[in-house]
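Chains as they are written, first to last, in the working numbering: chain A, 19 to 188; chain B, 19 to 188; chain C, 8 to 261.
Possibly wrong hints are sitting among the right ones.
Here are the simulated lysine to aspartate or glutamate pairs, EDC-like style, with alpha carbons at most 16 Å apart [what the hints assert, rightly or not]:
#, chain 1, residue 1, chain 2, residue 2
1, B, Lys174, B, Glu152
2, A, Lys99, B, Glu49
3, A, Lys179, C, Glu122
4, B, Lys99, A, Glu52
The set of hints was computed from the structure by calculation and includes no laboratory data.
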Amino acid sequence: MPTLFPDETKSIIEALLFVTNEPLTVKTMAEIIECPEYNIKVLLKEIKADCERERKGFCLKEVAGGYSFVTRPEYAPYIEKLVKPRLNTLTQAALETLAIIAYRQPVTKSEIDEIRGVNSDSAINTLLGRSLIEEVGRKEGPGRPILYGTTQNFLKYFGLKDLQELPEMI
Amino acid sequence: MPTLFPDETKSIIEALLFVTNEPLTVKTMAEIIECPEYNIKVLLKEIKADCERERKGFCLKEVAGGYSFVTRPEYAPYIEKLVKPRLNTLTQAALETLAIIAYRQPVTKSEIDEIRGVNSDSAINTLLGRSLIEEVGRKEGPGRPILYGTTQNFLKYFGLKDLQELPEMI
Amino acid sequence: MTYQVKLPIFEGPLDLLLHLIEENEIDIYNIPIALITQQYLDYLDRAEEIDLELTSDFVVMACTLLSIKARMLLPKPIVEVTDEESELDPRVELVQRLLEYKEYKEKAKVFRGLEARQAKHFWREIDDEQLLKKFPPPNPIGDATWTDLVTAFNEVLERVEKRAQTISLSREEITVQNKIEYILTILQKKPQGISFYQLISHVVTKEEIIVTFLALLELVKSDRIFLRQKSLFADIYIFMTPTEEGEEHAYSFS
């Protein structure tokens, strides 16, 4: 690839962000454009500022360990007229179960049941089905029960940068 | 919807163009934003000029009677590097669907869904798009659903002379 | 016309307890156990009346509450002053569980907020089919081989088999109401009385023993039966309360 001017690199980053709907990591972008990660970071900041200044219809968001363009929340009413709305919201039981898994991971089903005081089978199945949690291993000990943890999609669904953002939530 | 300033309308148009990959007609945008088509046309010209002036990674293109954001053609080599690995590999869902079609052909979509236990729409589209499967007829009965089978291409890429060569199932 | 009773639905016994504590504006560290137990049992009664499906977890908690209540009613044994702290408050463990559950319930609320916020952000729809036309891969199957195909097919078949094997076991529903009716029927046949151990001799699950016990308490409370015990820890004998008319009246919740 030829040597690029910073402005050109910036445009390429924008183009890359346009053809994927999964968060793009700085590392991937740096590898594709063949330039240092540091430059990418600087340019991402510029892109973010540009979107704000020009009040574009979409903005750059840092989510799930990468970056992605998403539409501005205030335009949601218009966009909902065009594309089908998102999946159903999670039930109270699923959210409680997910909160326990997020903060206690890795954690077994019986530990979750213990905290909630009820059986969490169906909540866990819902969360697995929506790729918000996954099996992350087996616990040592009798029965070697499955350990659950949260997924990348969990971060994307709730708009979190990474798991470090969790403890500050309250 | 409240009365909007032209700048705001412009941002909403950008948001609508961003979110969908289908070309949007002026009529659709005017209906969603509830404003005259003439205004939309003026703002589309502005958006087009903005993208050029700022040399964004994407530009506004008039296609098939509508408008759409597309990435700049000169960045295709970079985009190719990003999407090729994704496009190249078959997902687990596509692989499973292909396996069912290969072994059970001719087979309908609902029969595939039944076996997999989930909806296979997008997997079938992927396989059709890659010319690995094709319509081979219609099933007799209500709705006369489409029957799918594998293609010559399928045999070629899996290195098989004919379907008899498919490894027998255990 | 059917009359519908509205009753709040709770995620579990701890959820219900927290609700009662909040409703009564009670200090969670000093729960008036008699009051809360009564309100808890009232909820279960009403839920049963309007046929709300309650899991056995609710009944188990009812027993925990009754057991705490009993321990708090018992006179404290006179112990000689020792170095050890005075005996533990029977409520401590329950309070710990409530506090922990409460923490996660609040976190769930934060997640609910984030979910609503995120629902307003839309991601770009990407059509891989369009991209495929623009960037045709050299090989439409990537690095897959027919072995992968066979493996995938086997995996699907295994899943199908697993699905077929999963038999949904219907949980045996034992309600306090049913148990009350059962006890009354038995007692009609045995005017000489029946012992508690006889009553639970065929019972296999802990839940059912608990429900049997709750049913007895309910029957004593409404004065339909009376209990006799020869000595401490001896078997408890259950007798039907003789009615003035010498006939039994239909049992009713009130």
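Next item on the list: Provide an ascending list of the numbers of those earlier hints which the structure does not satisfy.
Entry: none
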